[in-house]
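Undergrad: Below, each chain spelled out in residue letters.
Protein chains: 2
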Amino acid sequence: MTLTATDQRGAPGPLPEGALRIVALGGIGEIGKNMTVFEYDGRLLIVDCGVLFPEDDSPGVDLILPDFRAIEDRIDDIEALVLTHGHEDHIGAVPFLLRLRPDLPVIGSRFTLALLAAKCKEHRQVPRLQEVKEGEHTRHGAFQCEFFAVNHSIPDALAVAIRTPAGTVLHTGDIKLDQLPLDGRLTDLAGFSRLGDEGVDLALVDSTNAEVPGFVPLERDIGPVLDGVIGKATQRVIVACFASHVHRVQQVLDVAVAHRRRVAFVGRSMVRNMGIAVDLGLIKVPEGLLIDLDEALQLPESKVLLVSTGSQGEPLSALSRMARGDHRQISIRAGDTVVLASSLIPGNETAVFGVVNGLVRLGAQIVHQANAKVHVSGHASAGELLYLYNALRPSNVMPVHGEWRHLRANAALAEATGVPASRTVIAEDGVVVDLIDGIVQIAGRVEIGHVYVDGLSVGDVGESTLSDRLVLGEGGFISITVAIDSATGRAVAPPTVSGRGFSDDPKALDEVVALVESELSRTEVEGITDPHRVAQAVRRVVGRWVAATYRRRPMIIPTVLPV
Amino acid sequence: MTLTATDQRGAPGPLPEGALRIVALGGIGEIGKNMTVFEYDGRLLIVDCGVLFPEDDSPGVDLILPDFRAIEDRIDDIEALVLTHGHEDHIGAVPFLLRLRPDLPVIGSRFTLALLAAKCKEHRQVPRLQEVKEGEHTRHGAFQCEFFAVNHSIPDALAVAIRTPAGTVLHTGDIKLDQLPLDGRLTDLAGFSRLGDEGVDLALVDSTNAEVPGFVPLERDIGPVLDGVIGKATQRVIVACFASHVHRVQQVLDVAVAHRRRVAFVGRSMVRNMGIAVDLGLIKVPEGLLIDLDEALQLPESKVLLVSTGSQGEPLSALSRMARGDHRQISIRAGDTVVLASSLIPGNETAVFGVVNGLVRLGAQIVHQANAKVHVSGHASAGELLYLYNALRPSNVMPVHGEWRHLRANAALAEATGVPASRTVIAEDGVVVDLIDGIVQIAGRVEIGHVYVDGLSVGDVGESTLSDRLVLGEGGFISITVAIDSATGRAVAPPTVSGRGFSDDPKALDEVVALVESELSRTEVEGITDPHRVAQAVRRVVGRWVAATYRRRPMIIPTVLPV
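Chains as they are written, first to last, in the numbering used here: chain A, 1 to 563; chain B, 1001 to 1563.
What you were told as hints is all true, and nothing was included just to trick you.
With the Cβ distance kept under 10 angstroms, some of the chain B side facing chain A (calculated, not the full set):
| hint | residue |
| --- | --- |
| 1 | G1060 |
| 2 | F1353 |
| 3 | E1428 |
| 4 | S1457 |
| 5 | G1475 |
| 6 | G1476 |
| 7 | A1493 |
| 8 | F1502 |
| 9 | A1547 |
Derived by calculation from the structure, the hints in this document are not laboratory data.
Only a predicted model underlies this, so the values are computations on that prediction, with no experimental measurement involved.
The beta-carbon is built from N, C-alpha and C at its ideal position, and this holds for glycine as well.
Throw the hints in and build the complete structure from the sequences for me.
TA: Here it is as structure tokens:
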């Protein structure tokens, strides 16, 4: 049966000599914050260092980082950080790792490093970058890396083979196998086959679409669909997609040219990334096609196409503002066309459909993946993963990048191609996997928590703060402030009672004052002068009252001031 | 062009003599809290009175009700309430309407009224019920009703034709056109055709699946899929579905019989609804098939099938507890089978996939609509709606039950069958539509708010409380309590500063005490003794500090006690 370690809690023993250790600090059991640590002979190599975008259970949090505790004490043992591609869930946490080790060598492709450099600039960091291309080899201590071209929803993505005396590991990064990619840069299945001939001891493989049968359609099939939609449009056209999806944007630009529309980019990250893509020659833009938004607004609507961020319903994005009718410059009207040429990331449905409904209400025609083929995924479906396993013929497999449902499906695919179930290992974040004599085994588990970024500060918002936020967000609070004579415990003034997030009714808490006064009489009679005990008594009596009267659970906050 | 009233804000004028007025108090522009008010000659007829389940923007709220204000002053003008079927979004708010008018006649089919009676019992109400069947006619003042059988995801659903001197209106309720329904009770397309021959002045039509091309597959096609899954299972099998989906449960029971498994119902609403369905003969249960959960747990796992609630990831449901591994009686283990024979309601994805991942992690095999045909929708797809329009041939059409994207798609279907665009009207909640001389027109708009139920209380939680909850939920609060001498404004003790939901770091607010003390010295020197003004000064200085130091926005709550 597939190796899993759902109950394993113990710390791992020391790594046997000649063995390779693998620990994911993020990305297994979740989609996001990908980070894998490889250890050989006391030295470390890290692949990717991304962020996770928070969901409802982490209110107020901006980002979630991988938990660096497992490597914090060994920060100088790290030989290098290898980045597979430039998406946020693979590079977003790099600045936070560089705070611990500013001179860490960071290895990646040209576009990946350009995006990272832009990010580091915002953090006022100058990272130590080493650019690599597919086909190249690098050496970082005992770790020898070889890079392979892979196709994904961002240009210039790489898989990395890591050779150590313990064996050869292939980490796919995010991958799909588009057989007619727009830039002609195929996933290097031939290279994987050669590596397979040599012998792959362990493959870490993208699981995101392992549940999806068949094959991802070609990216280039989207072009004609966009052409049909945009060719028919007679008014304003807005296309929203991910700001890093250069090939998607290329197809939009080609359609704009064909229909004599000039193009303006909308949204900070779109403008920035497309600037980088143009500089690096990753996108072909005919002279004079691009204009800025102010210029675009001067032209007839039928002569312009806007390429915008906001495809995930982000509330502050330009597209969301247009949908609410409060964009400063752009008013949507009946007959406009909006294309969402993007995925719908699970968890964003309410936000995205909110934007769609807002735009539809204003009369726009909305084209999205549910009613036209304007998006294809960047991750290999089951059929492609079979090609991958049959090329690599790995001895051991460790599914990565996925929730449990994706990981199990990926393990099953590996097993279907002949990898023994006992050699597939689902190692959720923190599970320590050792490759010893060519066989994977689970060696233990290191503690992995969530590290939250909220505003300027990292790590001070933790589970206790989040749990308070959840309680406050559900029920608000009732605060009761009393000043007592520190000698007698007698209340020196009537209690001050107020609530926020509890009720709109100004009389909702009228009874509480009398209730608290009566409780204070009791504590005084009992000779209780300790402010903490008085506060406890107040909390208890108010909590009971509110549960019985309203069946609600606000936070009850007594403050007792001895004066 | 389709009539819409997105900007119309004015109150409607008086209803012309001989005209019919239609106002939706809920259900248009949203999925849920369906309620439509018809007015003729000063008298009202209401169709449905349901609830909406809250989303993230209404934290802590249990239910959202239609806004009754538009009819509150005219509560005695209501002739009757007609219920199309027994789903919560059609009957859930009835007890709240009955509080205003306990003797209101409530008309509905047998199963609908049985579910309503059970609900009213929990509210200690005894409603005045009038049972009807398809084919029957009733009269309520000037409103003559005729009822038609319709097929949906609950038995005994009805459409209602309302005849008044102003014309004939058909309200479909929720509807699909399964041509081989399990109970043989077809949507009465023949009746609709007859009504069409007679002349339908206005059709209000379910929009939920208007965007979905083609036809909903047959409910009965699910049986063989369930048989394949359950027939292969050798361990525990749990099937989760909606508690009111009697035909789905019937198919599960049939499969259980075929594979010699006995059945226990799990979940309060499942047990209650199936009890009613058995009593009314709507479900066929062989003698001895049903056992209770305690009994089921005594039998070998291969001899039992559990039918459970929790298909939407409800955190307190038995299924969620099993997924977290903290169900008191049932531990999921590798090889168990869980079938989610249900839809995935938009907005519930995170919760549902959380449950799926939890179960997969424990080793269960999960069968759901994405990997097997174990669910079909209860709402007509576009192809079926075309049949409906071609049978009814309505002069005017008003799409209901949907968000804007669904409503627009439904209007387009009506128009494709020949209804002039100027006779289709998208009247979101509160828009007043008059049918005058056989032509719809928009007469104005009544104000429609959200009415929230939180715990025992209705309506006291409003926008201000929710906005406070959102702020508290995102950033927590910092409270500062100071006692000042009421004569001089001098602080009589150091300020008490505390935060909840702000930081896990006990020193996070250390600087605030000194900051507030310095501000209090300033206000004292300036001779400020008014507690309100002192509080304002404290709020300002702490708010600025926290924004600059943390870039966060907790609620700042100063309390100034004059002593």
